[in-house]
Each structure stands twice: as structure tokens, then as C-alpha cells.
Amino acid sequence: MNKIISESGMNFGPFDEKYLYEIEKSKMVQTLQIKIVEFIVYYKKSLIFLEAKSSSPEPNQALSDRQCNFDDYIENVSRKFINSVNMFVSICIKRNKDKISTELERIDFSTINIKLLLVIKDHKTEWLSPISDALKTRLNDLCKTFNINPINILIINDMMAKEKKLLA
Amino acid sequence: MINNVKLDNFGPIKHLDWQNISNMNVIIGKNSTGKTFLLKSLYTAMKTIEEYRRGDNPKSLSDILLDKLIWTFQTDTIGDLVNKEENSLSFSMDFKNQHWNYSFGKETSKQIKSIEYHIDKREIDNSIFLPAKEITSLDKIIFDSRENKQLFGFDNTYYDLAKAIRQSTQKGRNFPEFAKCRKSLKDIIEGRIEFDTKSEKWFYKKGNQKFSIGMTAEGIKKIAIIDILLGNRYITKDSVIFIDEPESALHPNAISQFLELLDELSEAGIQIFMATHSYFVIKKLYLIAQKENKSISGISFDERYDNKYTEFDLKDEMPKNSIIEESINLYKEEVEIGWGNE
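These protein sequence lines map, in sequence, to chains G and P.
Sequential numbering of the first sequence, starting at 18, is according to our numbering.
Sequential numbering of the second sequence, starting at 2, is according to our numbering.
Don't read these hints as lab results, they were simulated from the structure.
Beta carbons: idealized from backbone N, C-alpha and C, even for Gly.
Some clues are possibly wrong.
[To be verified] Computed from the model, here is a short list of chain G residues facing chain P with C-beta under 7 Å:
| # | residue |
| --- | --- |
| 1 | T142 |
| 2 | E143 |
| 3 | I168 |
| 4 | N169 |
| 5 | L171 |
Same shape as in the complex, but just chain G (with noise of 0.2 Å):
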């Protein structure tokens, strides 16, 4: 079956559910009160870690704001794909009582794409690539540590995720 998820004001999908862990909806990461992305789903030969966004840092902010949201967003994000790339490893190892679907257990992680993708609604092309920036500096440690390239860490608005045929 197919599914839709609704975050930010976007509807990401239709993904099949075989192959989604709504990594948010889980009750071990409420317990555990971590922040943690949207969903995790595997959609053309590569997991991907989503984050949906319907604010950031944008340049018409006041120029001092703008400085400590920035930094705050970049960590806020960052704190979100570090912990749930952690919470899946720890999943796929079964140190945590949450499971994934068979499907996705039985893909071999070992050698598809990880990609970590932000999803910014109703934000100007111009201004994604500063983030862009700042995050694949602040993931570089957990690029490394899981072999990611980090031109897999994309930041996208919500048209160019239509474009991709991640919106329904």
C-alpha cells in the first residue's frame, strides 16, 4: 500500500509502506524525547533521512537575528540526521526495541546511497545553498563515520522536491 505523509504543509509520496519507517511516529523516540527527522524511506536504490521544513533562516531577516538562527538551524537540522541515522543503526542491530518492515531489513545497506534531505518549503533557490554549505560542514563527522558522500546531503525546496516526484 501506498502512503502519503503531510509535514511542513507539504504532502511527501505516495511511498509504499514496505519500504518506510516513520522514524517520528515511533514510540521509542518519544520516549527517549530526541529530535529526530520526519520519515526514513527507501525510494530509487537509496535510504533517505527527510526533514520537511516550512521555516529557515532567510537573508531579509534583521542581519544579528539572522546570525544566531542560522547557526541554531544548522544545528537543530544537523542534531535531527545525526541521531536518526543512530536510532536506525541501533534499529538494524536490534539494541532498540522499535523494528523496521522486513522489506527494509532485508535490503543490504552495505552498498546503496545514503541520502540526508532537507526539504525547505517556499524557500528562494538563492538562499539554499549557504545551508547547503553549513550542513555538509557540520555532518562531515557523521559523513565519515557512515561512508556517506556528502554531496548526499541535499537541500531542496519544495519545487524542486515536485520536480523529483517526492510531492504528490
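On the provided structure of chain G, position chain P as indicated by the hints.
Chain P alone, transformed into the frame defined by chain G:
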């Protein structure tokens, strides 16, 4: 300050009417669209104003202008400056709210007859053009080429600058604003470029160490030029500075520092015009305009528009232009590579 400028059929520029000029200005566009041409036309106009009737100079306005045009643009005849598809060019400018203009046809070679001139005598203040290449390591070759051999190669932008940095320091106290700028400059380049009159050579002095100019980084030499011109007082608070590609040979961090310094100079009264290809330059100027809520005017040459150019103010927006578009295209390409990675 230059209040406005209008050009018709001037080289590659078919028509330009730039009315909203501020103290700091930027010109952008692809190669061969006329950026440097516009800078040089303004520089020629300013140098003509500054030489005409200065001291005991007996030269006529027409002769000075003719000489400036030939040696700045280095064409066989000034008629070659007329756009190939047209028969005549015209230039007009308001400086300190006083007007002057000139025009000539493509057959003109010896005298510019059509000149209207209402500008007050300019005795002390100087304008200067900083070309993309630095000149401290070339000045002897520039003097030889221009003064002995009278050859084309180094145009007036190079020759004037070579003469300006050799000018001995004028008496009197420097402007306090400039002292602050010189301190910032020294911090950026971690030293100073100085001229040794005995050996007639420039050298870079960092602490107690002296380095030959050939061993000194291009970026340092480029920034140091401003320090020299502030130090010898060639630049005054009423100067106009033209800078072609301020980004060349500079690290993005140094570009930011250099632009902050230019901003300080513009706050002191100096008018600045620069032509650039750099995303960093535009972005930094945009941030300066936003931070200080001040106008930084610009012209974007773009063949897609009817007039081939658009005016903008960085206080209001980042301009739509090929540099910004290319940075977006690069980012989209990055996303495509990442997305397509399987």
C-alpha cells in the same frame, strides 16, 4: 561626485542612461558587454576635468580629451570608439551637479569640436583607476613603454597609477578617516609596500623583514596600492576611484575585508565605481547595503533586455544577472549530482 552619466554608441554600449548614481557603485555583466568600457569612459572624463586649467596648463579642453581618449582606450583614432553600427557617439555627465558633454563621429581623428563644458576648475583632487593587474612590479616597464618608446600596451589606467604611486608624500596631516583605513589595510596585508628611492624598487615590509616585490603575493600588492595612495595623499576625500575586478588575486576573505575598507573610504566622501564578475563581491556589497541601510547603485549589462542593461540598488535587492544565476545553476547541478547518485 558624479551625479549621472549618459552614453550613446560608445564602443559596445549602444545606450546607457545611469541616473541613480551613489557614492559606492558596481557594474556587472558578462565579458565584452561594456563594463570596463564604461569605467574607462568615466575615468577619461574625470581625468579631463582634472587636467583642464589645472595650474598653468595651457592645453585646450579638446586636446586634453583627445589625448585621454587615445591613451586610455588605445585606438588608432578616436573615431574607432564609435559603435560599429553607428556614425557618432556621445557622452554626457553631471559632476557636482555641473554638466559637460561631448560627441564626435567615426571619421574624427584630430579634434573634438562638439563639447559643452560647465565644470568648475578642479585644482587638487585626483581620480584614479585600479586595473585588474597590480603594477608595483611593472612600473619601470610601464614608464619605459610610455615615456621613452611611446608605445601602446599599457594604457593610461596603468600609466597614471604608476605615476601616482611614485608621487612623494604631500605635506599636512592626513584625514583621520584615512588613518583608520590605513590601519585596516596594514592589518589585511600584515605589512606595507614601500619604495626605496636609492634602488628605485618597491619592496614589501612585514615587521622587520623586507621582501622583494617579485616575491610578494599579487593580492598584497593589489591592496597595498590603496595604502600607498592614501599615504602619499594622491587620494583625497573628493577623489573618484575606479576599480576593475577588485576580486582578482584576492581570497574571498580578503575580498570582504577590501570591500569593507572601500566602504569606509566611501563614507569619508570618496566615490567608488567597480566592475566585477564575482559573486562574493556582489554578495558582500549587498550585505553592506543591508547592514548600513545605504544605497549601493549598480548597472547590470544583460543582452536579454531591450536596453541591454538594468539599474539596481543593492539596498533593495540582489540584482537578477548571470553571476547570481550561475551560482544558482551550480547549486542545482550539485543537487542533480547528489540526487542522481545511485
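**Prompt:** With 7 Å as the cut and Cβ atoms as the points, is I168/G at the interface with chain P?
**Reply:** Nearest chain P Cβ about 4 Å off; hint holds.
**Request:** Hold the hint about T142/G up to the distance rule: shortest CB distance to chain P must be less than 7 Å.
**Result:** 5 Å, holds
**Message:** Under 7 Å is the threshold here; is the Cβ of L171/G close enough to any Cβ of chain P for the hint to stand?
**Reply:** The hint holds - L171/G has a Cβ within 7 Å of chain P, the shortest such distance being about 5 Å.
**Item:** Hint status (Cβ of N169/G to nearest Cβ of chain P, threshold 7 Å)
**Value:** 5 Å, holds
**Asked** Given E143/G as an interface hint, is the shortest Cβ-Cβ distance to chain P below 7 Å?
**Response** Nearest chain P Cβ about 5 Å off; hint holds.
Of the numbered hints listed earlier, not one is contradicted by the structure.
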